[in-house]
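Going down the list, the protein sequences come from chains A and B. First residue of the first sequence? That's 1 in my numbering, and the numbers climb one at a time after it. First residue of the second sequence? That's 1 in my numbering, and the numbers climb one at a time after it.
Keep in mind that the hints were calculated from the coordinates and are not lab data. Incorrect hints may have been included.
Identical chains blur together in the list; that is why a pair holds if it fits in one copy or across any two.
[Claimed, not checked] Derived lysine to aspartate or glutamate pairs resembling EDC-like cross-links, with alpha carbons at most 16 Å apart:
{"no.": "1", "residue 1": "K10", "residue 2": "E348"}
{"no.": "2", "residue 1": "K296", "residue 2": "E39"}
{"no.": "3", "residue 1": "K95", "residue 2": "E71"}
{"no.": "4", "residue 1": "K296", "residue 2": "E67"}
{"no.": "5", "residue 1": "K95", "residue 2": "D35"}
Source: prediction; values computed, not measured.
Protein chains: 2
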Amino acid sequence: MTTTTAGGGKPNLAVVGATGAVGGVMLSLLSARQDVWGEVRLIASPRSAGRTLTVRGRETTVVALDEEAFEGIDIAMFDVPDEVSAQWAPIAAAKGAIVIDNSGAFRMDDDVPLVVPEVNAAAARLRPRGIIANPNCTTLSMIVAIGALHSEFGLRELVVASYQAASGAGQAGIDALREQTARVAGTAVGEQAGDLRRVIGDTGPFPAPLALNAVPWAGSLKADGWSSEELKVRDESRKILGLPNLRVSATCVRIPVVTTHSLAVHAVFEREVSRQRAQEILAQAPGVVLYDDPEKGEFPTPNDVVGTDPTWVGRIRHSLDDPNALDLFLCGDNLRKGAALNTAQIAELVAAELTG
Amino acid sequence: MTTTTAGGGKPNLAVVGATGAVGGVMLSLLSARQDVWGEVRLIASPRSAGRTLTVRGRETTVVALDEEAFEGIDIAMFDVPDEVSAQWAPIAAAKGAIVIDNSGAFRMDDDVPLVVPEVNAAAARLRPRGIIANPNCTTLSMIVAIGALHSEFGLRELVVASYQAASGAGQAGIDALREQTARVAGTAVGEQAGDLRRVIGDTGPFPAPLALNAVPWAGSLKADGWSSEELKVRDESRKILGLPNLRVSATCVRIPVVTTHSLAVHAVFEREVSRQRAQEILAQAPGVVLYDDPEKGEFPTPNDVVGTDPTWVGRIRHSLDDPNALDLFLCGDNLRKGAALNTAQIAELVAAELTG
Chain A
1 MTTTTAGGGK PNLAVVGATG AVGGVMLSLL SARQDVWGEV RLIASPRSAG
51 RTLTVRGRET TVVALDEEAF EGIDIAMFDV PDEVSAQWAP IAAAKGAIVI
101 DNSGAFRMDD DVPLVVPEVN AAAARLRPRG IIANPNCTTL SMIVAIGALH
151 SEFGLRELVV ASYQAASGAG QAGIDALREQ TARVAGTAVG EQAGDLRRVI
201 GDTGPFPAPL ALNAVPWAGS LKADGWSSEE LKVRDESRKI LGLPNLRVSA
251 TCVRIPVVTT HSLAVHAVFE REVSRQRAQE ILAQAPGVVL YDDPEKGEFP
301 TPNDVVGTDP TWVGRIRHSL DDPNALDLFL CGDNLRKGAA LNTAQIAELV
351 AAELTG
Chain B
1 MTTTTAGGGK PNLAVVGATG AVGGVMLSLL SARQDVWGEV RLIASPRSAG
51 RTLTVRGRET TVVALDEEAF EGIDIAMFDV PDEVSAQWAP IAAAKGAIVI
101 DNSGAFRMDD DVPLVVPEVN AAAARLRPRG IIANPNCTTL SMIVAIGALH
151 SEFGLRELVV ASYQAASGAG QAGIDALREQ TARVAGTAVG EQAGDLRRVI
201 GDTGPFPAPL ALNAVPWAGS LKADGWSSEE LKVRDESRKI LGLPNLRVSA
251 TCVRIPVVTT HSLAVHAVFE REVSRQRAQE ILAQAPGVVL YDDPEKGEFP
301 TPNDVVGTDP TWVGRIRHSL DDPNALDLFL CGDNLRKGAA LNTAQIAELV
351 AAELTG
């Protein structure tokens with residue numbers, strides 16, 4: 001399916017979910033990146049309609065999500081919950097917009113490409129439903145780096161443990177961690193079993209206290225004890241890399257960090273690897289920063305990375321017991337590359353296609 | 001070598017490092033556990049000598065570490081830095097005490113057994129140097145559970161990612177995390193790259209801010225980018241389990257938790273495994289609590305576990321891509337089983353041997 005912009009000018013963009021945590025990052029990205037857009041229309045739920053937000057230096061009034069909101073729109077980014085995307089993305093597509101959806105509603109649909117521009121940009125051109133999906137933030141935080149290593153060595157297996165930020169649960173997650181941190185600061189809690197539950201009380205969107213704690217749960221319960229977040233890492237990595245039989249085991253854990261997901265990755269390849277060659281590949285990979293000199297104290301931490309675009313990779317080690325395996329630690333801002341930035345990059349790919 | 005207690009009565013115990021973080025937990029353990037001891041002598045550095053601490057309900061004056069401090073002592077527990085153990089444990093042993101050392105100084109010495117009573121109690125009887133080593137807290141937090149699974153399925157490989165507590169760096173680590181948490185509470189920091197470094201300043205014993213952050217580093221730098229903590233997990237797991245060729249990859253990460261280490265473990269076995277059988281084994285294993293019902297929100301978190309003796313195991317899943325692999329998440333109090341408790345258990349084993 002090919003869409004052309006009215007009059008051949010710059011395509012018109014809609015941002016659906018403009019008032020959310022990812023939407024906010026999207027507006028600042030749109031204001032900072034090269035401006036390839038005609039109109040930028042901000043869309044949100046009816047209760048947020050009428051608010052004014054700044055994008056590209058202009059005050060812009062948020063309009064309510066309805067069918068008319070997509071009139072004249074060429075590309076629509078959706079940063080909304082799964083059920084809102086499931087209902088409204090097909091409506092936007094039927095109105096002629098190409099949808100870039102950041103929810104989980106369409107990621108595993110065979111007729112919807114799942115795109116990370118640095119890894120599989122060409123996949124964005126084949127979109128029979130008029131919808132392109134943006135991967136889950138946890139997958140996105142690692143896949144650019146892993147994709148570069150896969151190109152060189154051929155990936156066979158991933159064992160992943162995540163250190164996920166509160167903002168993966170949206171603004172409610174950020175607020176809950178901030179409140180919990182204020183509640184425990186200056187006290188001696190955290191050293192008696194269950195005292196955080198007693199002091200913190202309501203744990204917000206998390207199933208246990210997050211401040212001064214770690215919560216080995218993200219998403220919903222799926223078969224055999226797996227969480228939806230863990231299965232997304234497996235399913236989405238396979239789809240993006242085009243490796244339907246890739247072996248993936250992920251354990252997803254939330255930690256008290258505001259924004260930026262970190263992952264410890266054990267990656268096994270078809271061919272023998274070396275630390276030096278892996279460092280060379282990652283130093284040159286687009287969207288990746290190699291930050292790996294522990295002798296100088298150089299390894300990524302979430303707070304050194306938050307607000308930046310790339311995936312930062314450090315702690316690269318060659319397995320001592322498997323010549324084909326690497327261990328590494330990486331950090332990626334889950335609201336930028338993990339959500340808004342990748343969506344913006346896909347939208348720019350499509351914009352170039354429409355106008356080119 | 002056989003030592004007998006003077007007069008055949010209860011053996012006399014020395015606690016070296018009684019004023020430290022682990023020492024404090026040791027005194028409360030000695031006060032709570034069955035009292036198998038004659039004298040309990042508290043030993044610390046000369047600058048702490050003369051302080052009074054309570055053990056077994058009695059005010060006890062701390063004496064300075066010197067050769068005479070070991071006169072009449074049958075068993076000496078050492079909770080001190082590596083270099084202090086390296087110097088003083090052989091002196092205590094030469095004075096006739098059996099040393100249970102909690103430092104890293106002797107763990108990989110071929111003539112020093114590395115003991116976890118639930119896993120390899122018999123190893124404690126063969127101690128040609130008169131020294132028994134206590135494993136590193138990170139290894140200890142997982143090895144009781146992994147040992148039980150190994151007995152049933154035969155362990156072949158471990159891929160481990162740790163979520164380590166501040167108190168692994170001693171009282172200075174606890175203090176630093178408390179201070180950093182107070183510094184960031186009620187502020188908006190944590191969302192601009194590097195703002196924690198600016199607000200927190202001195203990061204204490206950690207190489208980067210720990211509050212609202214994750215620090216992928218513990219210990220010192222060894223060859224090829226590995227940290228000493230990561231190599232300890234490999235070397236000590238092999239020695240305790242008696243598997244010199246076990247494949248182990250560990251990535252050790254510090255997170256803002258006061259006490260209790262957590263680990264995400266991917267374990268590959270010689271034989272096919274199942275989730276249900278693994279749960280049955282862990283439900284019966286000594287020193288382990290199975291806490292694994294995500295439908296009811298039951299999985300261990302560090303704060304639910306701190307101050308308790310066992311290793312808590314949850315999130316048990318059978319790998320979707322390898323019939324011989326399990327994934328799980330476990331938590332163990334790094335100051336109790338991870339240090340003081342295991343030392344006390346070894347000392348009690350030896351006390352039973354001496355008096356029995």
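Hints and how they fare:
no. : hint        : verdict
1   : K10 to E348 : within (11 Å within a copy, 78 Å between copies)
2   : K296 to E39 : neither (47 Å within a copy, 48 Å between copies)
3   : K95 to E71  : within (7 Å within a copy, 89 Å between copies)
4   : K296 to E67 : neither (56 Å within a copy, 40 Å between copies)
5   : K95 to D35  : neither (24 Å within a copy, 79 Å between copies)
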